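Which chain is which? The protein sequence lines are A and B, in order.
Using the numbering used here, you'd call the opening residue of the first sequence number 7 and step up by one each time.
Using the numbering used here, you'd call the opening residue of the second sequence number 7 and step up by one each time.
Simulated from the structure, these hints should not be mistaken for laboratory data.
These figures come from a predicted structure and were not determined experimentally.
Any given hint could turn out to be false.
If several chains are the same, the list does not tell them apart, and a pair holds so long as it fits within one copy or across any two.
[As the list claims (entries may be wrong)] Within a straight-line C-alpha distance of at most 35 Å, the following computed DSBU-like cross-link-like pairs (lysine-lysine) qualify:
| # | residue 1 | residue 2 |
| --- | --- | --- |
| 1 | K246 | K8 |
| 2 | K16 | K217 |
| 3 | K269 | K68 |
| 4 | K365 | K91 |
| 5 | K68 | K150 |
| 6 | K217 | K37 |
| 7 | K29 | K288 |
| 8 | K217 | K323 |
| 9 | K323 | K288 |
2 protein chains.
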Amino acid sequence: MKAIAVYPGKPNSVHLEDIPRPKVADIPDGKGVLVRVLKVGVDATDREINDALYGNAPPGDKYLVLGHESFGVAEEVGPNCRRVKQGDFVTATVRRPGGSIYDLIGTNDMTSEETYYERGINLRHGYLTEYFVDEEEYIVRVPKGLSHLHVLMEPMSCAAKAVYQAYEAQRRMKVWRPQRAFVMGVGQIGLLTTLVLRLKGIEVFSFARSKRGTLSSQIVEGLEAKYVSTSETPVEQVVKEVGKADLIVDASGSSHVAFDSMKALGHNGVLIWASITGADRKHEISSDKINIDWVLGNKLLLGSVNANREHFEMGIKDLALAEMMYPGVIGRILTNPVDGLDNYRELMRLLVEEKSALKVYMNVAG
Amino acid sequence: MKAIAVYPGKPNSVHLEDIPRPKVADIPDGKGVLVRVLKVGVDATDREINDALYGNAPPGDKYLVLGHESFGVAEEVGPNCRRVKQGDFVTATVRRPGGSIYDLIGTNDMTSEETYYERGINLRHGYLTEYFVDEEEYIVRVPKGLSHLHVLMEPMSCAAKAVYQAYEAQRRMKVWRPQRAFVMGVGQIGLLTTLVLRLKGIEVFSFARSKRGTLSSQIVEGLEAKYVSTSETPVEQVVKEVGKADLIVDASGSSHVAFDSMKALGHNGVLIWASITGADRKHEISSDKINIDWVLGNKLLLGSVNANREHFEMGIKDLALAEMMYPGVIGRILTNPVDGLDNYRELMRLLVEEKSALKVYMNVAG
């Protein structure tokens with residue numbers, strides 16, 4: 007069957023690979039789920055793997071199948087599956103366990119090992135193909151009523167995890183009821199965290215460089231959040247007008263913004279870093295001021311990456327609530343479909359060149 | 007009675023003030039404790055208040071009595087006191103509640119208000135006098151067997167809080183068993199956090215510029231921690247040899263060290279900022295590298311200041327264990343006593359000039 011793959015280490019090696027079709031029996035103990043792939047989303051990670059910035063093939067293979075944002079239908083399930091049945095819409099988690107205590111207790115998103123086993127990213131093939139099989143443990147049901155949001159399940163799980171981790175860390179406070187949040191960046195993670203926070207009743211200001219009128223700004227406003235163009239109104243101005251934030255999510259893709267956000271956080275607040283930057287830029291900061299301000303205000307920063315099945319389930323619950331509260335808004339993130347695995351070059355072209363795209367994804371099957 | 011006070015806003019205004027002696031009945035509902043002051047410690051905060059960098063007098067007064075590290079004996083207790091009895095050795099917490107939810111639930115160290123009410127620091131008189139009175143709620147008993155550690159109760163409460171907050175935040179991990187810690191700085195807070203961590207069985211590396219042989223380095227080694235002189239062995243070298251740390255406490259008093267410590271933290275680790283810097287120094291950091299490293303490693307930073315009575319009690323428990331495990335070691339922090347309130351100039355001179363002093367304190371009464 008067809009698969010979109012790269013040769014890890016070789017820049018721009020994306021190609022169509024012919025790979026064997028998996029069987030449900032490939033997974034032991036009757037616990038396998040064979041998934042017919044319907045759609046797969048791509049993001050900056052796929053782009054960087056094709057740029058050979060990271061990514062490794064599974065042991066024994068020369069190629070790595072791309073794609074970690076999956077959506078499909080359970081075509082066949084092993085006899086000992088209990089959660090998923092044939093015909094269910096499903097998505098799949100990305101990381102597979104290593105050997106640390108965090109992997110053993112089902113929180114492999116928190117692995118303390120240096121090596122990650124991630125489908126479509128590192129040492130495990132991804133989902134940009136016709137079929138895949140995996141253990142039921144890593145397959146998450148998508149309700150029929152959310153099938154129109156298909157490839158958003160994985161990015162949504164990352165947004166859900168990031169905010170959940172902040173609340174978990176803040177249990178240190180005994181009481182924590184954030185009122186005002188800033189979200190830096192209005193890419194998919196920025197928009198999805200804006201959603202998660204709005205569903206908690208938090209007043210959200212979403213910051214981006216572009217002026218109002220973009221699709222992102224319309225989605226922000228559709229979620230009853232405030233869109234702020236930093237080219238017109240700098241963050242400091244908003245702080246002057248409304249005060250510092252109780253919670254800030256950095257999804258800007260800029261480490262300068264990530265650090266500068268430290269200045270906009272209020273007492274007992276949490277700054278979540280949810281985006282990364284692959285380069286080696288430096289930044290000069292007001293280290294004394296931030297240091298004293300963060301100590302006297304008991305402030306907290308956390309980095310968040312990946313998600314386990316619990317976060318996929320949280321994300322799905324939030325998407326369900328979103329469709330009740332803001333019907334049709336989140337689906338607008340799904341901007342750029344490409345039909346058929348044969349069109350992999352167009353998929354990558356859109357991913358690299360189409361700056362207005364919020365989500366590029368492939369319709370693998372109808 | 008005599009008190010050591012400053013005129014807030016006027017640099018180097020430390021002087022002897024004659025103030026009224028308080029009565030147990032000054033506190034309503036029979037809940038007062040009148041404390042005869044035995045000893046009071048001073049630290050950088052007292053120095054900076056005398057430098058007029060901050061500090062305000064209580065409403066109606068022109069002077070602020072200094073001193074927030076108290077040790078005394080309960081001379082008289084109100085009829086409705088239940089925790090403290092006449093003759094008990096006691097210390098007192100520093101911050102008094104404002105109006106935020108955190109103040110209302112007994113965690114005024116986490117107040118979300120901008121104004122702090124702190125005895126000896128801001129808007130409330132301190133303990134560098136002959137007697138003080140306060141509500142029993144803010145008076146903490148010191149066991150007789152720990153009376154030789156007297157003025158260390160307050161700094162110990164800050165060390166206990168900082169480490170406790172890290173563990174509380176890490177409940178987000180479900181399991182967290184840090185193995186290796188770095189402590190930056192070997193002043194009193196650095197030494198006391200080294201102690202707290204050692205009592206948890208954690209391997210501790212304590213970093214300071216001075217070469218081995220100082221009293222600090224002897225105390226570190228007395229706690230079975232490893233003293234590292236950064237003038238001989240940079241932090242990066244230790245990381246190369248033993249790996250990154252699961253927990254780092256910055257008690258260096260340098261915001262450069264505070265930020266640079268971010269690079270030495272391992273996966274799922276916590277960096278605690280426990281010291282502050284009053285200047286306005288800038289610092290250039292590798293923002294991209296730290297950003298990606300912190301996100302992929304799910305790392306956490308928290309600022310910690312002050313302590314509530316729960317932390318005083320934790321600190322006292324740890325000091326008791328310390329005397330069982332490392333008898334006589336912690337008392338060596340108490341380096342520089344000054345006898346009598348009349349000698350306030352010598353107290354301030356030692357605080358400012360005696361660089362080798364770990365703890366300057368006043369013997370107010372015998």
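Tell me, in ascending order, the numbers of any earlier hints that this structure violates.
Hints 1, 2, 5, 6, 7 and 9 are the ones this structure does not satisfy, whereas the remaining hints hold.
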